[in-house]
Amino acid sequence: MNKDLFQQKVTKHLWFLNKKEKKQLQQTIQQMDPEQEQDAQLLQRPIFFANQFLKAHIFRQKVVSTTTFMLLLLGLLVSYVITVGLFLFDFITSLSAVNYFIHPQGNLTLLSAILILIGAVGLVIIALWLIKQTTAFFTKKLLEYKYNRSR
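Per the numbering used here, residue -10 is the first one in the sequence shown, and the count goes up by one each step.
No wet-lab data here; the hints were simulated from the structure.
Accuracy of the hints is not assured; some may be wrong.
Derived CB-CB ranges, DEER-like [said to hold, decoys possible]:
1. Phe78 with Asp22: 34 to 40 Å
2. Pro23 with Val87: 52 to 58 Å
3. Leu62 with Gln13: 15 to 21 Å
4. Leu60 with Asp22: 38 to 44 Å
5. Ala125 with Phe90: 35 to 41 Å
6. Leu100 with Ile36: 52 to 58 Å
7. Leu117 with Gly95: 26 to 32 Å
8. Leu66 with Gln19: 47 to 53 Å
9. Glu10 with Leu117: 50 to 56 Å
10. Asn88 with Pro23: 57 to 63 Å
Computed list of lysine to aspartate or glutamate pairs in DMTMM-like fashion (alpha-carbon distance at most 20 Å, straight line) [said to hold, decoys possible]:
11. Lys12 with Glu24
12. Lys12 with Asp(-7)
13. Lys9 with Glu133
14. Lys(-2) with Asp22
15. Lys44 with Asp28
16. Lys8 with Asp(-7)
17. Lys129 with Glu10
18. Lys51 with Asp22
19. Lys1 with Glu24
20. Lys(-2) with Asp28
Every value quoted in this text rests on a predicted model; they were computed, and no experiment measured them.
Glycine included, every Cβ here is placed at the ideal spot set by N, Cα and C.
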């Protein structure tokens, strides 16, 4: 497997890393030499390399407990309930605004309906971004728990 394809697969697997960590990942991949046998073997196994990179460079050894795991799961549940609730509220609001354009009922001005629709669509985009950020944060924390628990 060539180096560019390898880097693409590893980057896709480690999508939750922040900018500083992604830069460190790119530097680590650039330092690999396909001519050396050990690096050539790593270039054939992108998921193994990603896991080794996480263990060596991202997750430091910490003491973790079951309470940490339970708090992570509780935080994940609460944050998903909030962000998905926000998404559904915004989506229903935008559908209501579109429904007003199709079947106008009540004393809502056209400008108000347009502003409600624009605001709802904007909040849908924000809610989707928050869901992505929440997923990235908790994915990273759960992997950190996994790697530190097994040490």
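Comparing the hints with the structure gives:
no. : hint                          : in the structure
1   : Phe78 with Asp22: 34 to 40 Å  : violated, 53 Å
2   : Pro23 with Val87: 52 to 58 Å  : holds, 55 Å
3   : Leu62 with Gln13: 15 to 21 Å  : violated, 28 Å
4   : Leu60 with Asp22: 38 to 44 Å  : holds, 43 Å
5   : Ala125 with Phe90: 35 to 41 Å : holds, 36 Å
6   : Leu100 with Ile36: 52 to 58 Å : holds, 53 Å
7   : Leu117 with Gly95: 26 to 32 Å : holds, 29 Å
8   : Leu66 with Gln19: 47 to 53 Å  : violated, 39 Å
9   : Glu10 with Leu117: 50 to 56 Å : violated, 23 Å
10  : Asn88 with Pro23: 57 to 63 Å  : holds, 59 Å
11  : Lys12 with Glu24              : violated, 23 Å
12  : Lys12 with Asp(-7)            : holds, 15 Å
13  : Lys9 with Glu133              : holds, 17 Å
14  : Lys(-2) with Asp22            : holds, 17 Å
15  : Lys44 with Asp28              : holds, 17 Å
16  : Lys8 with Asp(-7)             : holds, 19 Å
17  : Lys129 with Glu10             : holds, 12 Å
18  : Lys51 with Asp22              : violated, 32 Å
19  : Lys1 with Glu24               : violated, 24 Å
20  : Lys(-2) with Asp28            : holds, 16 Å
Hint check: violations occur at hints 1, 3, 8, 9, 11, 18 and 19; the rest are consistent with the structure.
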